[in-house]
Structures are given as C-alpha cells and as structure tokens.
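Peer 1: One letter stands for each residue in the lines below.
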Amino acid sequence: MSVLPYAVAAWLFGIGLYGIATSRNFIHLVGCLGVCQSATYVLLLGLGYRWGSIAPIFYDHPPGTPAVDPVMQALVLTDIVVGATLTALLLVLTIQAYKRGGSLDPEKLRPMRAVGQSGRDRGSNRVGDGERKAS
Amino acid sequence: MTAILPLLFLFAAISGTAVVLVRDPARQVFAIAVNGLVLAILFDALQAPDVALSELAVGTAAVPLLFLVALMAVKTQPPEEDS
Amino acid sequence: MSPNARIVLLALAGLVLLPGAAAVIAGLPAFGSTIAQYGERINAVAPEARHVANMVSAINFDLRGLDTLGEEFMLLAAITGTVVLLRGRRGEGNTERAMRRPGRAVIPRSEAVVLACRIAGPLTALFGLYVVLHATVTPGGGFQGGVILASGTLLIYLGEGYAGWRDAIRSHWLDALEGGGALLFALCGLAPMLTGAAFMQNILPLGTFRDLFSGGLMLVENLGVALAVTGGFTQLFLEFMEETREAREPEEPGEESA
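Protein chains in written order, with the UniProt record's numbering: chain A, 1 to 135; chain B, 1 to 83; chain C, 1 to 258.
No lab work stands behind these hints, which were simulated from the structure alone.
If you're wondering where the values come from, they're calculated on a predicted model, not measured in any experiment.
Among the hints, a few may not be true.
[As the list claims (entries may be wrong)] Under 10 Å between C-beta atoms, here's a sample of chain A residues computed to sit facing chain C:
| hint | residue |
| --- | --- |
| 1 | Pro5 |
| 2 | Tyr6 |
| 3 | Cys36 |
| 4 | Val68 |
| 5 | Val82 |
| 6 | Val92 |
| 7 | Leu93 |
| 8 | Ile95 |
C-beta: ideal position from N, C-alpha, C; glycine also.
Using the sequences and the hints given, assemble the complete structure.
Peer 2: See below:
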C-alpha cells in the first residue's frame with residue numbers, strides 16, 4: 001500500500017505516453033495527454049495525504065487538528081482548470097490541422113503551405129489567416 | 001476506510017488505461033468522463049474536497065463537452081484543401 | 001517515422017526511465033506517513049494570521065498569490081489563443097449572431113426538457129454563486145465556481161435552443177468578463193503598492209474567522225478569478241459550438257436553429 005499511489009501515478013503517465021506514441025487520431029491523442037496530466041494530480045495528492053488527517057478546511061474542526069497538505073491541493077486545483085483551457089487550445093489546433101491537412105492521423109500530417117501561394121484563396125479572411133499561419 | 005483508498009487508486013489506473021485503449025474518439029469521450037468521475041471520487045477520499053469539486057466540474061462536464069463539440073466540428077466540416 | 005520505429009523508441013525510453021522511476025518511488029516517504037513541512041506550517045499559522053478557514057484558498061489567493069496571478073494569465077492566454085484561432089478563420093464580424101447549421105432538421109424540444117432546464121438552470125447558477133462566495137469558508141472558490149457557472153449556461157442551450165442561448169449570452173460581454181477578471185486580480189496585486197505595502201499584501205480588514213466576509217483582499221481576488229473563469233469557459237463553449245456551424249446570411253433573423 002505504501003507505494004501504490006506512486007505506482008499508479010507512474011502507470012498513468014506511462015500508459016498515457018504509450019497512447020500518445022501509438023495514437024492514430026489527434027483527438028484521441030489529446031485525451032491520452034489528459035491521462036498523463038492526471039498522473040501528476042495523483043502523485044501530488046498522494047504525496048500530500050496523511051492517514052487520519054482531515055481536509056485542510058477548519059470550519060467544522062478547530063484550527064490545530066492534523067490536516068493534509070494544502071499546498072499540493074492548491075497546485076492541483078489551479079492546474080485542473082487551466083489545463084482544461086489548454087485542452088481546448090489543443091483541440092482547436094486539431095480542428096485547424098484537419099481543415100488544412102484533411103486528416104486527423106498524425107502519420108499523414110504534412111508541412112503547411114501558405115494558402116495564397118497554391119492559389120486556393122477563397123475569400124479575404126482566409127488569405128489573411130493563411131498568411132498568419134504560414135509565418 | 002483503509003480498504004477504499006487502494007481500490008480507488010486501482011480504479012483510477014483502470015479508467016485511465018481505458019481512456020488510452022479506447023481508440024475511437026467518439027467512445028473515448030465517455031471513457032474520459034468516467035475517468036474524471038473516478039478521479040473526483042479519489043480526490044475526495046484523499047481529503048481534497050476543493051480539488052474534487054474542480055475535477056468534477058471540469059473532468060466530467062467541461063472537457064468531455066469540448067471533445068464532443070470538436071468531434072462534431074471535424075465531422076460536419078469537410079477539409080478546405082482537397083489535394 | 002513509422003509506427004513500429006516509434007514503439008521501439010518508446011520501449012527504449014521506458015527501459016531507461018523505469019529504473020529511475022523505481023528509484024524515485026523507493027525514495028519517497030511511504031504513502032500517508034507524513035506531509036511536507038511547508039504545508040504543516042501553513043495549517044498551523046494561516047487560520048490565525050489570515051482569519052480564513054479554507055487553507056487551499058488561503059494559499060491560492062494570499063500566501064502564493066503571485067503563482068495564481070501567473071495561472072490566471074495562462075488561462076487568459078490559452079483562451080485568447082483558442083478564440084483567435086477559431087474567430088480568425090470565421091472573421092470577427094460574425095460574433096454577434098448565431099450561425100446556422102445547414103441541412104439538419106430543427107427538432108422541437110419536449111416540454112419536459114424545457115421545464116427541467118428552466119428549473120435546473122437557476123439552481124445551478126445559484127450553486128455556482130454559492131461555491132464562488134464561500135471560497136474562504138468551505139470548499140470552493142473562483143476556479144470551481146466559475147466552471148460551474150459556465151456549465152450552467154449550457155442549460156440555456158439545452159432548454160431554449162441554440163439561438164436562445166446566443167441571445168442570452170453576448171460574446172463581447174464574455175470578453176469583458178474574462179479580461180476584467182484578470183485585470184481585477186492584477187489590480188489586487190498593484191493596489192497595495194500605492195499605500196506603500198508590498199505586492200499583493202493583504203491590506204483590507206481581515207474580518208472574522210468562519211464568516212463569509214473573511215480574508216480581506218482574498219475576496220476581491222476570488223471575485224476576479226470567478227469572473228475570468230466564468231467568462232473564459234463560456235467563451236470557449238460558445239466559440240466551439242460556433243465552429244460546428246456555418247456562417248450564412250440568416251433568411252429570417254431570430255429563426256430558431258438547433
């Protein structure tokens with residue numbers, strides 16, 4: 001039991017890496033990255049736990065009662081919320097890669113070209129977008 | 001109580017593995033939501049109610065929704081370049 | 001790189017990393033035996049020093065407030081990047097009205113769904129507000145409450161349809177909420193400096209322990225985080241939903257599109 005949480009964290013990170021390396025779909029890949037991320041949560045909260053301690057909230061219990069480590073919880077708390085926005089950013093990049101490359105498969109990803117050069121400009125804002133992406 | 005924590009850790013490992021091994025993104029969304037729920041229960045058992053609340057809101061609602069909408073965006077819109 | 005070569009490379013990396021991970025795990029303190037000194041000291045000192053009951057909020061908004069400021073701007077940067085990528089393609093002009101989804105029938109919602117959403121929506125908003133406001137007393141705070149509030153707005157989408165959702169929620173307001181929240185947090189750091197105190201020093205009256213109004217400056221910072229997270233996540237949902245639709249001149253303005 002004394003090493004189980006750390007072993008679970010290592011396992012989650014390892015399986016997430018395996019998923020990222022073998023993924024054939026970008027959306028699936030982002031999900032695997034989330035598994036890697038959850039490994040850090042398990043590790044940090046596992047490190048901060050102590051048997052018989054209360055949650056670090058001294059509302060029902062008077063201050064001074066043994067409580068678990070609040071620093072780890074503060075770290076994980078902000079990371080979960082900020083991590084979700086980063087997941088959104090990755091998903092948007094996935095959508096853009098699909099629109100420009102025509103595939104969600106990392107194996108079929110090709111280098112990006114400027115839209116203007118290949119003569120496929122269909123509308124002004126897409127040309128501007130293409131230039132921005134290419135730069 | 002001492003038996004619950006190891007079980008929850010094992011569930012977290014299993015559900016995380018399921019997220020990786022479910023290769024179809026449409027089904028993976030559900031695995032992600034289940035993983036978020038298991039993690040939220042685990043965090044609550046680890047005396048971290050703040051984190052559990054955060055994981056519950058983000059992991060079981062917001063992130064799976066973003067995945068679903070991203071899937072829908074990919075399915076409904078054909079790629080721009082047909083080379 | 002071929003998939004097989006990739007797996008071989010991963011296996012090699014695993015062979016190198018595994019002994020290292022095993023050594024680190026063996027060196028860590030046994031699970032549940034002890035916690036770090038820093039956390040122990042905070043638990044001992046912070047309730048008297050800051051008059052707050054929730055140590056996690058005390059760390060996020062006071063003791064390590066600078067870190068949270070960094071997180072806050074990470075959030076802002078990630079959401080700005082997402083919105084720029086999505087809107088850049090569609091053009092800035094289409095942000096005000098709902099775009100349409102061609103080729104799909106509009107399925108009218110059953111009255112049960114509409115009623116359930118009209119009951120659950122305000123309740124969810126109330127719960128989100130409760131979680132936001134009780135940051136210093138019970139588990140909760142701007143981060144969690146903000147996500148709950150943002151998810152609650154989706155009930156409008158479920159109950160009133162896409163056009164109803166877009167009518168209720170204005171994209172520009174969300175921009176203002178998100179940026180304003182981050183600005184409020186940054187100002188909370190800068191304002192104490194005007195009085196000669198240090199950056200983000202808690203200069204407001206601390207209030208009474210276990211009271212809703214405890215923690216002084218933390219309450220304002222918490223509000224800033226709540227505004228930024230609510231605005232940011234709602235903006236994410238909105239821009240993602242918009243991505244599944246096509247920009248087209250609406251034949252009848254205000255027509256319901258689901």
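Peer 1: Would the stated hint for A/Cys36 survive a check requiring a Cβ distance to chain C of less than 10 Å?
Peer 2: Interface hint status for A/Cys36: violated (13 Å vs cutoff 10 Å).
Peer 1: So, A/Leu93 near chain C? Judge it on the closest CB pair being under 10 Å.
Peer 2: With Cβ-Cβ at 7 Å, under 10 Å, it holds.
Peer 1: Closer than 10 Å between Cβ atoms is the bar; does A/Ile95 clear it against chain C? Give me holds or violated.
Peer 2: At 6 Å from the nearest chain C Cβ, A/Ile95 passes the 10 Å test, so the hint holds.
Peer 1: Is the hint on A/Pro5 kept, meaning its closest Cβ partner in chain C is under 10 Å away?
Peer 2: holds, 5 Å
Peer 1: Hey, does the A/Val82 contact hint survive, CB to chain C under 10 Å?
Peer 2: Result: holds, 5 Å to nearest chain C Cβ.
Peer 1: Quick check on A/Val68 please, does its C-beta sit within 10 Å of some C-beta on chain C?
Peer 2: Nearest chain C Cβ about 6 Å off; hint holds.
Peer 1: Going by Cβ atoms only, is A/Tyr6 closer than 10 Å to chain C?
Peer 2: holds, 4 Å
Peer 1: Are A/Val92 and chain C close enough, Cβ to Cβ, to be under 10 Å, as the hint says?
Peer 2: Holds, because the Cβ-Cβ distance from A/Val92 to chain C comes to roughly 5 Å (cut-off 10 Å).
Violated hint for the displayed structure: number 3, the only one.
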